[in-house]
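**Student:** Since chain W is already given, all that's left is putting chain C on it; use the hints.
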Amino acid sequence: MNKAFSVLVLLVCLGLAQRSSADFVVEVTRGQDNAIPIAIVPFAAAGAADLDVAQTVSNDLARSGRFKAMDRKDMVEQPHPGANISFDDWRRLGNDYIVVGLMAPQGADRYNISFELYNVLNHQRLLGFQISANRPGLRLASHQIADIIFDKITGIRGAFATRIAYVSVAGSLPNRSYRLIVADADGENPHVVMQSNEPLMSPAWSPDGQSLAYVSFEHRLPTVYVQQLKTGERHVVSAKAGVNQAPAWSPDGKKLALTLSTRDGNLDVYVLDLLTDALTRITDDPAIDTEPQWSRDGQSLYFTSDRAGGPQIYKVGLQPGDRPRRLTFQGNYNARPRVSPDESQLAFVTQEEGAYRIAVMDLKGRGDVQMLTKGQFDVSPSYAPNGAMIIYASRDRGRGVLALVTPDARVQERLVSSEGEVQEPAWSPF
Amino acid sequence: MKKIVSIACLFAAAALLAGCPKKATTVEPPVAGSQVPGAGGTSGTEGASTSTSPLGGDAGNVGGAQGAGPNASVGRIIYFDFDKSDIRPEFAAVIAGNAQYLTAHPNAKLKLEGNTDERGTREYNIGLGERRAQAVRRALMLQGASESQLTTVSFGAERPAAEGDDEAAWAKNRRVELVYGP
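Protein chains in written order, with my numbering: chain W, 34 to 463; chain C, -19 to 162.
Keep in mind that the hints were calculated from the coordinates and are not lab data. What you were told as hints is all true, and nothing was included just to trick you.
Here are the simulated DSSO-like pairs of lysine-lysine, each with C-alpha atoms no more than 30 Å apart in a straight line:
hint : chain 1 : residue 1 : chain 2 : residue 2
1    : W       : LYS185    : W       : LYS397
2    : C       : LYS152    : W       : LYS407
3    : W       : LYS273    : C       : LYS89
Which stretches of chain C does chain W cover? Using the computed rule of at least three CB atoms under 8 Å from a CB of chain W, they are:
hint : segment
4    : 90 to 101
5    : 139 to 147
Examples of chain C residues toward chain W, derived with CB under 8 Å:
hint : residue
6    : TYR104
7    : ARG111
8    : VAL133
Virtual Cβ for every residue (Gly too), placed ideally from N, Cα, C.
Chain W on its own, in the form it takes in the complex:
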């Protein structure tokens, strides 16, 4: 019997206002040599706004590793509009691009932000946009501006206006508290989705970005929930005897792959149809089979299995009779696969010299493996929806922190939280 119930979780404005104080500081641990120099000039008339939009845009672009944003202190003038730019001066200061803008108040609570992007070298106006945002929307508007600029210059869709979910653990043993948090992709603007005195784990975004599936031990037993972010409404999707773990949404959002166990504790991967509750067993092996992840076409699952001894990554088709195929062969520990958005690459956790690190495997060519990180406990990789960055959980001086790395390992950054343990980041879809 699968009797799901949902609770419209207490939804109080106070709760919404209860900002988590997990503010992040970005440390660039390794930058890109050929980053594109750009100047984001402070927007005219921005003084009255509570958020420095131009600085937020500048931070976003710098964090991508593809841009080198000019320090505001080095700007000798702050032109606006574009007709007033002295291009030769900005070129001499080493810039390839410049952005100027204006924040025009529209009533007490709203701004009309207009901005223009110029190529400093040939004076060409590459784009001009106008965004209307209310006061609380300024941060999102800033990320959207960064997306538009990033897209125009690199040809890659920006992912600054996306979000991350993660688990934050506070308190000392045995009185820990666990919070599931959703924040902007830069770690700002965090909101508590769920909190419990028992573990929360494995947040997974629905493909439409509206819901999170996660595992909660709030009854001291694992239960998989799906919670809508807007309403807080959630329901149980799996609370069977034994293990209920590792939810992963199918690309069409209609199914969840998850890990369940038999009475004698054998973990296997199943697919649950969210509409009909029909459950299909995908793997059938006495080993631990877990950590499923869908292929882009929804026709196969990647998963971890220790059927060959240590954990390795396999792929299995969902048609009856399909046999799992082993993908990883280097080393004795390869686990928790995540597929890049274009499925050209697989990110996973591998063991090297006693440390756990993030590696990527080429799925299109010969299956080459590249190490991305150098930490001792680097786990839980998750791709940005544009594939340009991987967020993962690391440890820094005994504390759980979030870190970023580009899939070519050229840019590495750490998001240092001011409090608690931060773990299991999951990057939202667009």
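**Tutor:** Just chain C, lined up with the frame of chain W:
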């Protein structure tokens, strides 16, 4: 079909309607005279909202209700070697003492909570913790405990007994806790 029972909190919903900040931004047509990039950056921005994730309800502190059980001389924690789920000889007395109690008290219920150290991936560690809990379950059943008395749960690396990134802490965390319940 799923039966959805919603417990709606009306005052809360009202409070939401009344006062919670709405976060809406719209991307409008470009400034006059500009080059218009395709749909670049404009899709999905209408009414985009990131601020409305509510505080989840904490389902409360469901503490492990400690029921009866053998007297305190019988240990209730079994520790394991790294990446292993076999029971070390030194814990034979713990298995024997608890199996004896379960055999003598057929109504007693025992939950076996499997745990791992922090190394490795979280979900795979859930599997390792379950494997340890199952090893204890089998050992207890071999010595007379009945299947219906025993349940298992794995917390993987999520509920450590000791903090720290060293072997001293890890050794304390690779364990199965025996929790008697109602």
